[in-house]
Amino acid sequence: RTLGVDTEVLAVDGSWPDASADQRRRLGGVLGAGGRRADITAGTVTLVDGLIACGAPDELEYAAAAGRSPWVLLHMPAPSHPDGERRALRAAAGVICTSSSAVASIEMRHGLPACQVALPGTDPAPKAAGSAPPHIVAVAALLPNKDQLLTVAALARVQDLAWTASLVGTDDADSTYAAQVRGAIASVGLEGRVRVTGQLAGKALADEWNRADLSLLVSRAESFGLVVTESLARGIPVVVRKGTGAVEALGLAGRLAGGMAG
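Read in order, the letters of the sequence shown are residues 1 to 262 in the working numbering.
Hint data in this document are derived by calculation from the structure and do not stem from the laboratory. There may be inaccurate statements among the hints.
What the hints assert, rightly or not - Listed next, with one range per pair, are the computed distances between beta-carbon atoms: (1) Gln116 <-> Ala11: 18 to 28 Å; (2) Met108 <-> Ser187: 32 to 42 Å; (3) Asp22 <-> Thr176: 22 to 32 Å.
As the list claims (entries may be wrong) - Here are the computed lysine to aspartate or glutamate pairs in the EDC-like style, where the Cα-Cα straight-line distance is at most 16 Å: (4) Lys127 <-> Glu230; (5) Lys127 <-> Glu208; (6) Lys127 <-> Asp207; (7) Lys127 <-> Asp213.
As the structure is a prediction and not an experimental result, all values here were calculated from the model. Quick reminder that beta carbons are idealized off the backbone N, C-alpha and C, glycines included.
All chains should be built: construct the whole structure from the sequences, respecting the hints.
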């Protein structure tokens with residue numbers, strides 16, 4: 001839209017990629033699959049989120065047969081749906097990934113050549129003021145892949161140092177794991193130093209960023225790690241897990257900073 005392109009967002013409700021048959025039929029109607037009248041005008045470039053596409057390979061194949069192949073925007077591979085992912089991506093007009101690591105994974109898993117890379121952008125942000133004692137933030141939903149249990153275990157080993165920490169992110173996506181994280185915090189006596197904030201937005205989130213001196217993203221798997229670039233935009237150093245797409249985000253930010261400095 002910023003570039004003047006006429007853009008419309010069509011929401012397709014569903015627990016993707018495990019949507020119901022009715023929800024998949026709704027997607028088929030949007031795409032004009034199976035000869036149905038499409039919600040989208042012929043000749044329009046259509047972009048389908050990867051989670052939706054991998055849960056609806058039939059609908060993408062029918063759309064392709066009708067000459068309406070959409071592009072797929074893939075944030076992360078879907079190892080739990082390998083067949084659906086393979087069929088959907090092969091039926092697509094093209095695949096756009098949000099990191100080089102995601103492209104490499106897709107090409108290796110499905111033999112798909114020439115996937116495109118479009119790295120996420122980051123809005124400018126004010127420099128964080130920091131805190132005394134130093135404040136650590138880990139901005140991510142409380143989920144096993146984000147590995148907040150590892151963060152708590154690491155913080156438990158540096159209790160002799162002065163710091164506070166916030167785990168910022170929704171805690172209702174996996175209530176069992178969220179309870180485990182809270183239990184781990186209590187078991188090592190960090191209730192007064194580590195706060196589980198739940199999902200934050202607006203001023204509350206901005207305040208957490210402004211207080212931060214260090215950002216953590218220790219996900220077991222990460223396509224890119226937008227939190228990395230959001231942190232660095234505020235002048236907050238980041239620790240990421242080796243072997244994940246977050247390393248690419250960290251390296252990209254370093255190259256950009258080096259180029260600007262030169």
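Hint by hint, where does the structure go against what was stated? Just the numbers, ascending.
none
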